[in-house]
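**Student:** Sequence:
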Amino acid sequence: MRLIRLLIIMVLSVPSQVIWAHAEHDKARFIAPDGNDEGRCDNRFRPCKTLLYAATHANKGDTILVAQGDYLISDESEIYYLTSQLVPVLGGYSRIDNYNVQNPSLFATRLIGLPFEFASDMQKQGFAVLADTKSRNINHQKLAAKFATDNQLKQAQQDVACTNGSAGAFPCHNMSLVAHVPIEQFSGSHYAANDIWGHIDLNNGTEYALIGLSHGVGVVSLANPSAPQVVGSVSGFSSDWRDIKVYQYYSAAEGRWRAYAYVTSETRGDGVSIIDLNHLPESVTLASNDFAFATAHNVYISGVDYSLNIANSGFPPLLQILGANRLSGSQHSYSLTDPTDLSDEMIPSGQTRSDYTHDASSFVTRDSAQTAQCNNATENGCLVLLDFNEDEIRLWDQSKLTRRSNLSRTTYSNAAYVHSGWWSEDQQFIFVHDELDEMQFGLNTTLRIFDISDLHSPQLAGTWTGPTAAIDHNGFVRGNRYYMSNYERGVTVLDISNPASPEQIGYFDTFPSSDNSSFNGAWGVYPFLPSGLILVSDIGSGLYILKDETLNPADDTLSFSDNHLTSEEGEQITLSVNRSGNSSQAATVNYETLTGSATDNDFSAQQGTLSWAAGDTSPKTITLTITPDQNDTELNESFFVRLYQPSSKTQLGSNKLVNVTIAGKTATNSASFTQNELTLYENGSAQTITVARQGNVAEAFSVDYQLTAQTADIGADIQGIEGTLTWQANDLAPKTLTLTPIDDSDVESDETLLLTLSAANQDLLGNPHEVVITIKDDESNHAPSVNAGNNQQVNALQRVELVASATDEDGDNLTYSWLQTSGVIVNLRDKDTLTAIFTAPNNNADLTFELTATDPFGALSKSSVSIKVVKSDASGGTSSAGDSGGSVNWFGLLLLATLCAWRQNQLTNLRRDSRSN
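Those letters in the sequence shown? Residues -21 to -1, 1 to 896, by mature numbering (1 follows the signal peptide of the UniProt record, and there is no 0).
FYI, nobody ran anything at the bench for these hints, they're computed from the structure. If you're wondering where the values come from, they're calculated on a predicted model, not measured in any experiment. Hints are supplied without guarantee of correctness; some may be wrong.
[Said to hold, decoys possible] Capping the alpha-carbon separation at 25 Å, the derived lysine-lysine pairs in DSS-like fashion look like this:
#1 599 with 628
#2 103 with 628
#3 599 with 644
#4 628 with 714
#5 39 with 103
#6 28 with 39
#7 526 with 133
#8 103 with 28
#9 810 with 841
#10 133 with 103
#11 28 with 6
#12 103 with 6
#13 847 with 103
#14 39 with 526
#15 628 with 526
#16 39 with 6
Construct the entire structure; sequences and hints are all you get.
**Tutor:** Structure below.
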């Protein structure tokens, strides 16, 4: 009995499935040769059998763990899943220890039929590749074609028309390829792309694409869409998830538009990255990081027009943070009054994990029936926020943030993960994406449409089911089109003239290899550029710029006659809206004005509806009055008029937005700094500051500059500078000034100076024309503290994570660098982050790694960690004397086996006894 008690205690000490689930950072999926392809593969005691099945049931960020044994690769698609970065596949595990330890040398996991060129990469993941005649099960001709296609995905392409169902290697319908920018063209070692957003610089009309990458964000100029140019990248910590939004506003003080991008990620270290877009197309830079939270899954800006990224609603633009590591991941808001210094606007209290917001969108309704349902509605209407909560759809009245109220909570059958959605332009319907229903319930692509005419009781109005099992991810409405990123199917376009019953009218497949319910292919789509270009981000192959050809010229089409108009103050202007194509039915379209550099005081703001009877093709007009004023010093000002919400079976043409310019005085030359503050480090290198030219460039002009002391001493703390900057006629190139600090041995507090532009004619000075220079003292600085983590003992060929920590007493941003200092050389991944990854060598070895953390002064601290690699032999022992390094305790397994045999014997006796009775 003692032995039995001991064995029972040992069995009870084995972790339960629930404990394992809570211990895992990301959910694991399990495969074994004797498994069964059923369920979700997330129970280690009931593993699945094949990679293809497990990959189509794994979520982003999951890991597929493969138990020892032989696996026949019989489908070409399995090769893509084996090499996935979003869902890593690792071999060298065992069912005996419940997938506890990766030990490829002991738990041999062999891939049969995989082309041998993959052997090296597969070994790093814990597999052995066997050259076996069973590889004949793979259609090598088909595989070669897939590899040829894969190679095309890594090549830049342009102007490939969609003809007979394909645009080169890409299956398509009514969408042609304008250009493709592969991931490899962006600077940095990026292994994947994620989110996408667009931006139009209203100073000059140039459009840009902003694409999230594994190590930052890339910015691409679309000045020539067929030959896009990568302007630059802003680096960030390694992350599979990024989300991007843009805010643009007019600075009256500077007489120009300014814009910033806001980027969140799931990796600690970046917070919200605020990217300065004000020096395009010359450069793109990081303005600041805001660390009100460490990580966030999504970012959204309410109260803006998503084509221009400018305020449009009568409610102030707010940065909405979603899925952050604070406030239980619930939605909270920040003011954009100072776009580079976020301030709290709405921070909820009492939130729990059930209040997590995965994604959000919003609209302002002025519909009388809907506004009556909002307790907080104002004269500007009701701001309705759509909260996609994982489990349900929540609608909020956020017209007054101090009194926000919940309007409704809605779910539906087969809800697996309520992910995201968007609203119809009439604000009567929302389109909802569930990211896991295809995978968990075996559905084809399923988009749900809810009627929200009653905000208190949304009703399921219809569903759209796609032709494949590909997962729907994100989508946006423009006119009566719905643009949806559809993962392995690429991008799908739906006609939503009847919102409850959409029809597919176009697609472009950025992942031609398969259409499974897996996380490859198109992550995001952006359909709002004024040019009508469609931007798509593909996880594995980068940026796609597409031409939307779903607009049939023969169909009923409404469009402005011009996209730009100029008027003098005090005049009335008339905008014509033309009708072409099939006019057999009645048609309507709404219009509204949007303020720009011109405000409501400069013109008569309007919104309304234009109507045509059946057969009527005459132009309809919108008349606007430009307000006269006595200010002769105003420069040109502009505002916008847009068409939206066309009636059923009516489409909007290419001119759906008009830019109206109110003529002012001719702009003079002006010069200004591109920033209003700069930090120098006493022992650091010299830094430059940029002076930009605006206004009338037809003439030459000059401005003076001078550095003046405040608390710092020129000559003792910094080298003095003064002089004149001169631009020749038509010279737009920015100038730079160099500031060089002087190091001393004094212990000092921060010291400041003022760098100023001046001119006899003050009109030559833009804003800012002063920069505050702060010099930080190195003698007062403290070096960072760093800990490279605990020493580890690992198995040969095991995937190893080096997890470090670092702090800085002065709150400075730190940079990191891992270096291997001894042992067999391994390939370190993410060595500029706190968590580096490598695959252990296939032999006994002692490895040492050193992490260096450095602050902006160059002060650094180092810490080392030792990794002992142990290779086990086939008997379960090590190939040389020493501990097994985390491999299975064979004595314990023997005892467990004894207990199992005893229990089986007891059950046999019970059955015998029951039969005898």
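**Student:** Are there hints from earlier that the structure breaks, and if so, what are their numbers?
**Tutor:** 2, 3, 4 and 14
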